[in-house]
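Protein chains in written order, with our numbering: chain A, 80 to 307; chain B, 80 to 307.
Mixed in with the good hints, there may be bad ones.
Residues from chain B that face chain A, not an exhaustive set, calculated with beta carbons under 8 Å [to be verified]: (1) Thr86; (2) Val88; (3) Asp93; (4) Phe94; (5) Glu104; (6) Val165; (7) Val190; (8) Gly193; (9) Leu245; (10) Leu247; (11) Leu249; (12) Asp257.
Hints in this document: simulated from the structure, not taken from any laboratory. For glycine and all other residues, C-beta sits at the position ideal for the given N, C-alpha and C.
Single-letter residue listing:
Protein chains: 2
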Amino acid sequence: MLVIRLTRVTSTQDFAEAIHDIVEEKEFVVVAEEQTKARGRFGRAWYSPKGGLWVTHVMKDFEAERVPDLTLANALAIRKALEKYVNAKVRWPNDVVVGDKKIAGVLVEAVAQGDKATAFVGFGVDTNVTKFPKDVRATSVLLETGKPADNDELLFEIISLTKEYLRLNLSQLAKELDNHSSLNGREVRISGEGWEKRCKALFVDFMGRLVTDCGVFEVEEVHRVEVI
Amino acid sequence: MLVIRLTRVTSTQDFAEAIHDIVEEKEFVVVAEEQTKARGRFGRAWYSPKGGLWVTHVMKDFEAERVPDLTLANALAIRKALEKYVNAKVRWPNDVVVGDKKIAGVLVEAVAQGDKATAFVGFGVDTNVTKFPKDVRATSVLLETGKPADNDELLFEIISLTKEYLRLNLSQLAKELDNHSSLNGREVRISGEGWEKRCKALFVDFMGRLVTDCGVFEVEEVHRVEVI
């Protein structure tokens, strides 16, 4: 598979989106050592210094209706790939955490043409990051274990696990996510565009929604979830 | 230096132009194993199968007024780098030939911002191409010598020689091109937008123009030059 390796780039996502129709491969990966303007969901900044694993995995001719499943599959893949280093869980909908500290995040974007789409599966894993800005509650494999992770090995594991998870359908993926959720049974602050709620998270339902004692939340409407 | 290696791409030039402001390096190189829609001057197709050396060398913050010198410097660099394999000459303005058969071509494009420009120095060298379409009068290192050229070695030689040639000013570059011109003293067919002339090529003047017995030609107005 084509792997495009960059040193400094604004974001692997921007890069992949700029070139996807120029590159003729149906599938390719963009990896950067450092991102200077990386972004997460809703355009939020994502801290991406050297040491981390910053990736966009592009899949052309992807079934458009399965694009939403990609976030779940990729987050689960990251969690599983990190298993040999740390005990990671998924913080619904798109973060991977170790003891409530973020260690990875997923951002899926797509361009659809009819029932097919080009999917840009962006993910960042704080493998060997040693320091975080004060307002970022995060950790890394290196900080947790004292040992660096092998970024390249992890990259290919995550990609291969993502594809394995995609063999499951949405309800199976959601069940798997529920099994590895960091939120279940806990008090959380959920916020969206101009609103915030405090609820008790119960479980992730068969559609991948977060069920709480104060309502059921769709991925698209939730900006942020924090454990109180 | 950042080298982005691709397998199949429409053209390294398109690719480099799409990403130059996303990649943060001031200088980088795009190399493809194969181009599917490569282009030369005036949008002409450039045959780019596997085996050849297909490159775009991007230089940001390049002095805008020196952009025209890049074609000369790059063509001269290719000629010199090929010296150890074949006896190559420059066919004004932007081809490198072996005995009137094209072996390489240069396409310089640029985006200017004030007195600085981002230059896209595109070049293609038919190093190890073994077959050409019937309407293409071309040859390769492999066809000429029976031995393959080392694409990677050649790539870095050409880039380094281009920079060396850029130490010369335009009149020195033009003089050097004149010394290595394949046209001097020969009957040529020169064509442009809607016109064609048969002339005797005399020399390349201090401004890089082709002086003939039927007029002086600027690079920009000439589409094609063929030896009759």
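Okay, the hints, checked on the actual structure:
no. : hint   : result
1   : Thr86  : 5 Å, holds
2   : Val88  : 6 Å, holds
3   : Asp93  : 5 Å, holds
4   : Phe94  : 5 Å, holds
5   : Glu104 : 6 Å, holds
6   : Val165 : 31 Å, violated
7   : Val190 : 15 Å, violated
8   : Gly193 : 22 Å, violated
9   : Leu245 : 24 Å, violated
10  : Leu247 : 31 Å, violated
11  : Leu249 : 33 Å, violated
12  : Asp257 : 38 Å, violated
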